[in-house]
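Sequence lines, in order, name chains Y, P and V. The first sequence stops at residue 331 when you use my numbering, and every number in between is there. The second sequence stops at residue 290 when you use my numbering, and every number in between is there. The third sequence stops at residue 249 when you use my numbering, and every number in between is there.
Keep in mind the hints are simulated off the structure, nothing from the lab. Computed from a prediction, not measured in an experiment: that's the story for all the values here. Each residue gets a CB set at the ideal place from its N, CA and C atoms; glycine is no exception. Honestly, I wouldn't trust all of these hints.
Unchecked claim - Residues from chain Y that keep clear of chain V, each with C-beta distances beyond 12 Å, as calculated:
| # | residue |
| --- | --- |
| 1 | ALA88 |
| 2 | VAL128 |
| 3 | LEU197 |
| 4 | ILE310 |
Unchecked claim - Derived CB-CB ranges, DEER-like:
| # | chain 1 | residue 1 | chain 2 | residue 2 | range |
| --- | --- | --- | --- | --- | --- |
| 5 | P | PRO89 | Y | TYR75 | 38 to 46 Å |
| 6 | Y | THR277 | P | SER3 | 51 to 59 Å |
| 7 | P | ALA276 | Y | ASN78 | 33 to 41 Å |
| 8 | P | ALA119 | Y | ALA163 | 34 to 42 Å |
| 9 | P | GLY185 | Y | LEU269 | 57 to 65 Å |
As the list claims (entries may be wrong) - Incomplete in silico selection of chain P near chain Y, CB under 8 Å:
| # | residue |
| --- | --- |
| 10 | ARG96 |
| 11 | LEU100 |
| 12 | GLY104 |
| 13 | LEU226 |
| 14 | LEU279 |
| 15 | PRO282 |
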Amino acid sequence: MKTFLPIALGVAVLAAVPIFVHSNVVLNFLVVTLMIALAGQGWNILGGYGGQYSFGHAAFFGTGAYTTAILQANYGVNAWLGFAAGIAAGAAMGGIIGGLAFRAGLRSSYFALVTLAFAEVLRILASVAPITGAGVGILVKLDLRAQSFQFQSRASFYFVILALVAASLIIARLIERSRFGVWLVAVRENEDAAMALGVNATAVKLGAMIVSAAITAAAGCFYVQYFLFIDAGIGYGTWMSIEALLTPIIGGVGTVFGALVGALVVKSLGEGAKLITGDVPGLDLMIYGAVLVLVIRFAPRGIVGALADIYARFGRRFAASRKTAVEAVRG
Amino acid sequence: MLSPLILIAAVLNGLMIGAVYALVALGLTLIYGVLHIINFAHGALLSAALFAAFFAYQKLGLDPYLAAVVLTPGFFVLGYALQRFVIGPASHGDDRNMLLVTLGLAVLIENALLYAFRADTRTIDLAYGFKSIDLGFTFLSLPRLISFVAVFAVALALWLIMSFTDTGKAIRAVAKEKLGAELAGIDVAHIYAVTFGLGTACVAIAACLLIPTYYVNPSAGNAFVLIAFTIVVLGGMGSVPGALIGGLLIGVVESLGGFFFGESLGQVGIFLIFIAVLLLRPRGLFGASA
Amino acid sequence: MAEPLLVVDGVSRRFGGLLAVNAASLSAPAARITALIGPNGAGKTTLFAVISGFLKPSAGLVRFAGEDITGEPPYRLARGGIARTFQIVQPFAGLTVRDNILVGAHLRHRAREAALAVVEEVGREVGLGDVLDRPAHTLTVSGRKRLELARALATEPKLLLLDEVLAGLNPSEIRDIVPVVRAFCARGIAVLMIEHVMQAVMSLAEHVFVLAEGRIIATGSPQEVAADAAVIEAYLGHGAATKVRNAHG
Chain Y
1 MKTFLPIALG VAVLAAVPIF VHSNVVLNFL VVTLMIALAG QGWNILGGYG
51 GQYSFGHAAF FGTGAYTTAI LQANYGVNAW LGFAAGIAAG AAMGGIIGGL
101 AFRAGLRSSY FALVTLAFAE VLRILASVAP ITGAGVGILV KLDLRAQSFQ
151 FQSRASFYFV ILALVAASLI IARLIERSRF GVWLVAVREN EDAAMALGVN
201 ATAVKLGAMI VSAAITAAAG CFYVQYFLFI DAGIGYGTWM SIEALLTPII
251 GGVGTVFGAL VGALVVKSLG EGAKLITGDV PGLDLMIYGA VLVLVIRFAP
301 RGIVGALADI YARFGRRFAA SRKTAVEAVR G
Chain P
1 MLSPLILIAA VLNGLMIGAV YALVALGLTL IYGVLHIINF AHGALLSAAL
51 FAAFFAYQKL GLDPYLAAVV LTPGFFVLGY ALQRFVIGPA SHGDDRNMLL
101 VTLGLAVLIE NALLYAFRAD TRTIDLAYGF KSIDLGFTFL SLPRLISFVA
151 VFAVALALWL IMSFTDTGKA IRAVAKEKLG AELAGIDVAH IYAVTFGLGT
201 ACVAIAACLL IPTYYVNPSA GNAFVLIAFT IVVLGGMGSV PGALIGGLLI
251 GVVESLGGFF FGESLGQVGI FLIFIAVLLL RPRGLFGASA
Chain V
1 MAEPLLVVDG VSRRFGGLLA VNAASLSAPA ARITALIGPN GAGKTTLFAV
51 ISGFLKPSAG LVRFAGEDIT GEPPYRLARG GIARTFQIVQ PFAGLTVRDN
101 ILVGAHLRHR AREAALAVVE EVGREVGLGD VLDRPAHTLT VSGRKRLELA
151 RALATEPKLL LLDEVLAGLN PSEIRDIVPV VRAFCARGIA VLMIEHVMQA
201 VMSLAEHVFV LAEGRIIATG SPQEVAADAA VIEAYLGHGA ATKVRNAHG
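Next comes chain Y alone, as it looks inside the complex (with noise of 0.2 Å):
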């Protein structure tokens, strides 16, 4: 149980904000941020933890999307089963993507490519298939009650994408301590020393893609349910792809709260940039590239990668100043 405890801690801070907080503004700010911090977390488990970097995450946000999206507009399903199906048709999606690439043994930069080409050649599909609305998308009809997941208030959306973090939190834990979290962790560190103490390293990668897949393809769905509409661009493009492994990577990849910290450093400083300069086209983006840039050249492990440094190299010096203080006492 106390291995939940920081989970605990700060999902109940977060928790807390809307009681102190009534600005639509500021609300929105933090709901489209803790969606991406959703959206990461599921690139985390793939990434962070598996070490397989994948540059087209766009694939299972778009897919989770357009799966609620097309059921609610066109065939009037409930938007929760909607919900439930666009996560299960992005872990399939996830599935199929990575059976192919961990199947045909593609690693590192090959394995990059290959999941950009898949999340490109969805997005031009989804622009010109008439199911998908071409390039016109989809719009969900508005309709503010629970049961078609929208609600009157912004902080009700923040409390529901604030309960998809904390399970994201979760999972991410509990895969950390369990036998799957080592294998992955193993295989990531490396492959072949990995598959030489019993591990099958492909079931384990195809294990991750599935579970990164469904977050990231929740994230999709949940977009769908604040802005009540979808299309290629937004689905499939590359800014979702970017913003996925931007947070992580930013935050501490392989951390349980790495997505997180990052989403809430990265759309915060872009926020503050937008303050300072305007909202001008791009700018958001290019200093997202900087601080990847900045990140990998100077903290490769990420915010939380470099406080736990921190934290191991002081934590020592302290350890040693308590044991002989402990020992002048004693002597």
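Use these hints to put chains P and V onto chain Y, whose structure you have.
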């Protein structure tokens, strides 16, 4: 009934466009062959070069073919600096970090262009921009024909550099066996930077060749570079003949594909080829094992 | 007498025009230490790669506990009881020593508690008990070799393939590790080791196979093999056997 002459015209057109694809792919494969990284920033650099050529014409009145004389060394220096001072130091010895850094640069450069110049598409109007040669059954666009010839000239120049200059030999040494080259006294960081500079210079030349008939906006380079990736993977990572042949091939495929299936599906077709090659034969036609 | 635990039967491996391993046959019985020696480039590591599933042979069979395991992938062999160490040590550099060994321990134990207990035990056995919480990349060469052993041991193997586990160690470190290896046999594990450090081979191995230019050229006890003319020629060159014999009178 489809006249074979129309098909021949489509093929010729494809060859000329393919030549420029090949030049862009050439830069990419050179970088991969020596540094063993996939330069995700290649497309953004192409966009930047297109803007540079555009402003050279608009502000300085420089004809693109003349601008190439200035822009090529300029972009060589840019590429050199990027590799030497940003990408190289950021790698920390891990391939994956380099992927991320080049991706970060791509996002940074493309959006810096977007921020500075907005998304409007621009073109330049040149006197010879629409000139063409009458072959009887079809017209060959003059600028495209010039590109075709120029690309082979560049490929020849690169071959001469690689074969006969000390730097070229050093590059080949580092590509083959980095540790050995280092032990032999070659400054690997410098060679990496030179190679990256050469790859970027290729992109600058390609931009100047393209601009008479192509458009300029921040994401123009991306469209090109995804095709360049396909070519490099198809021709074989690090293989120069692979990039050239692959480029011409893809140019023809795109021309015929667009002719029969329309532009969007033509693009999807290229990506599907890309994915198929990655999954089935990652080393491509001429490359070494992945 | 029952078939030995590991039987390699006429294995060949070709790389294009190069025949790296040529119809090599050897065996390794349980609870014994068997050595595979030979000059550099003889094909020993290639043969190991075939036995441990990292390469498929061009011809021949590998049998383990009576079953044909030729061409099986490494992870399945590990589950069947074959563990190997690598010539160039490959620790999970970013993880602690404990987490490194944990990967191996999890093969037989799904639950984290049980696996961690195995880690403690194995860590102590190879002499890493004091450094379990250190990052693996801070270990010395000798420590990393022990870590390779510990990880492999944690998978509770029946056969341990050691690829030059003594390389890079100084004489006192070798002296310290030898009893650790010998202790494995006491538990019934079969050990097949590639080794260049002759003093260790002589004192540890009960049976030796000599590989030269891809072929097994001699087999027997360490003493028999050391006196074998073909072996001397393989290491020291043509005509060396006569010279050695003449020098010793």
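Now the hints, each set against the structure:
Every beta carbon of chain V lies more than 12 Å from that of Y/ALA88, the smallest distance being close to 27 Å; the non-interface claim holds. Consistency note on Y/VAL128: stated as away from chain V, and its beta-carbon is indeed over 12 Å from all of that chain's, at 42 Å minimum. Consistency note on Y/LEU197: stated as away from chain V, yet its beta-carbon is not over 12 Å from all of that chain's, at 5 Å minimum. Under the 12 Å C-beta cut-off, the non-interface status given to Y/ILE310 relative to chain V holds; the minimum distance is some 15 Å.
Look at P/PRO89 against Y/TYR75: about 54 Å separates their beta carbons, and that is not inside 38 to 46 Å. The hinted window of 51 to 59 Å between Y/THR277 and P/SER3 holds, with their beta carbons roughly 56 Å apart. A beta carbon spacing of about 39 Å between P/ALA276 and Y/ASN78 agrees with the range 33 to 41 Å that was offered as a hint. Here the CB-CB span from P/ALA119 to Y/ALA163 is close to 37 Å, well matched to the stated 34 to 42 Å.
Under the hint 57 to 65 Å, the C-beta atoms of P/GLY185 and Y/LEU269, about 44 Å apart, miss the expected range. Here the hint on P/ARG96 is kept, as its CB sits about 6 Å from the closest CB of chain Y, short of 8 Å. About 5 Å separates the beta-carbon of P/LEU100 from the nearest beta-carbon of chain Y, less than 8 Å, and the hint is met. A least Cβ separation of about 3 Å between P/GLY104 and chain Y falls short of the 8 Å threshold, and the interface hint therefore holds.
For P/LEU226, the shortest C-beta to C-beta distance to chain Y is roughly 7 Å, which falls under 8 Å, so the interface hint holds. Of the supplied interface hints, the one on P/LEU279 holds, with its beta-carbon coming within about 4 Å of a beta-carbon of chain Y, less than 8 Å. At about 6 Å, the closest approach between the beta carbon of P/PRO282 and any beta carbon in chain Y falls short of 8 Å, and the interface hint on this residue holds.
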